[in-house]
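Novice: Listed here are the chains, written in short residue letters.
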Amino acid sequence: MANIEAGGPPRLEARDVRFTVRGRHIVDGVSLSLGAGEVVTIEGASGSGKTTFLRILATQVEPDAGTILLDGTDARAITPSVFRTRVAYVLQESPMFDGTVADNVATGPRLRGKTMSAGAIAAALDRVGLAGLSGRIARELSGGERQRVALARALANEPDVLLLDEPTSALDPSSAQRVLAVVRALADSGLAVVLVTHVAEHALSLGGRHLVFEEGRIVGTADQRPETT
Amino acid sequence: MSYVEVSLPRLAIALLFIAIACGVSWRLRLGLGSALVVGAIRAAVQLIAIGYFLVFLFAHERAWLVLTVLIAMLLVAALTSARRLEHGPGLRVLLPYALAAVGGGAAIALLPLFTLIVVPHPWFEARYLVPLSGMMMSSAMNVVAQVFERVFAMARSERAVIEQLLALGASSVQATQSHTRAAVRAALIPTINGLVTVGLVALPGMMTGQILSGTAPGQAVRYQVVIMYQLVAVAAVSGALATRFARRMLFTPREQLRRDPELR
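Protein chains in written order, with the numbering used here: chain C, 1 to 229; chain V, 1001 to 1264.
Do not rely on the hints blindly, as some may be mistaken.
Said to hold, decoys possible - Some chain C residues near chain V, calculated using beta-carbon distances under 8 Å:
#1 15
#2 60
#3 62
#4 66
#5 67
#6 81
#7 94
#8 97
#9 99
#10 100
#11 111
#12 112
#13 113
#14 153
Everything labelled a hint here was simulated from the structure, so no lab data went into it. Cβ atoms here follow ideal geometry from the backbone N, Cα and C, with glycine treated the same way.
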């Protein structure tokens, strides 16, 4: 599959990435390049390799072959923690950590020895539509709220790229729409986004570039939203 | 130095204790009769064998022979600590790390002991080296087994949390810190409890043995204090080494949490 260039230089790029488990090609030669503000949605059945590909983009899994580049630099030449603060990855049903919503949101900066001000935490929560929730116990929130806390937590690192694994899979339709609206707004603010889902309509509603995964390959692609500014 | 000898006929009387336990088992239908008999026979055979072996060892005290015995003990301790892990890597991966963790913990306690506190003459005098090393190795063995079990089980149950922390920029140390700390603490606490309660309830086995064989209680107590302090160092060092090694097995050099099959 040929690279599809987006507007502007690629921030995150995968070149002919392959991942094999016991002779089975989970990811079979996938290339992708992603520019600032661009949304790429990846749709596929479970077992199609889409999550593994996302994990490779996030450097959580080392590919057997191929390269991941961030702003043109090979990911292997970048300190993992530095790469991961710039390329945020939110797991499917991302677990909440102990403590309050504010504790959760401030996790990334805290790991680097930085304290996030209450104002910054409030701003991050406001960005995902959860203003005023910072004092709540994170694990007691609803599924949709937790998903948005996970987004705010990832955004606290001020990443350039956001990788989302099935952010809407466990949510009711209205919560899912709210999460998708947040993702859309983040992309409009300049973040590059890759979103993996098995729900075609969620992928299509986001617009941007749409890829279909099957047996570890991109088998279909479409530009869904020419009106993206 | 005199003590009451236990003759073989008198030793046989001790079988009565096993019979009592068997009687209780039969009466309460515990179904432990055969286990008790097998256990009693094994204990007797193993201890008698080691008794003869010690007699042989003391009679042929050579540096290489004593060192071989110590290495064999270390090997058995490491094997035991690396076996029967429900989660985590296979024995082949685990054994070298288990050897290093048990050996490291024991060495930290034993080298100062034999060079500064209880200095045997000659340096390989088996009467000191074998039992004291055995105590430290078996303590290290238990700590290492416990830490490995806890850390690998945690890596499985907390996989999503660890990966999300890594994704937020955590190092493998940061991503597992709360759990590895808990594992080392749990391994240390029984030893610390031992320090607090020793002498109040039971006298430690070694001290009891020394007193029975005629050592002045004052000296037996000093030995025991040294042993107890050593055990704390053994638990701390073995525990810390085991968590560090477990982390090395769990994560790639690029701070990626390995999948279960990759561990094996």
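Novice: Decide, hint by hint, whether the structure agrees.
Specialist: Do the hints match the structure? See the list:
1. 15: Residue 15(C) check fails; min Cβ-Cβ to chain V is 18 Å, beyond 8 Å.
2. 60: Nearest chain V Cβ about 6 Å off; hint holds.
3. 62: 6 Å, holds
4. 66: 15 Å, violated
5. 67: 14 Å, violated
6. 81: 4 Å, holds
7. 94: 5 Å, holds
8. 97: 7 Å, holds
9. 99: 12 Å, violated
10. 100: 16 Å, violated
11. 111: 5 Å, holds
12. 112: Because about 6 Å separates residue 112(C) from the closest Cβ in chain V, which is inside the 8 Å limit, the hint holds.
13. 113: Violated - the Cβ of residue 113(C) stays beyond 8 Å from chain V, reaching only about 11 Å at its closest.
14. 153: 7 Å, holds
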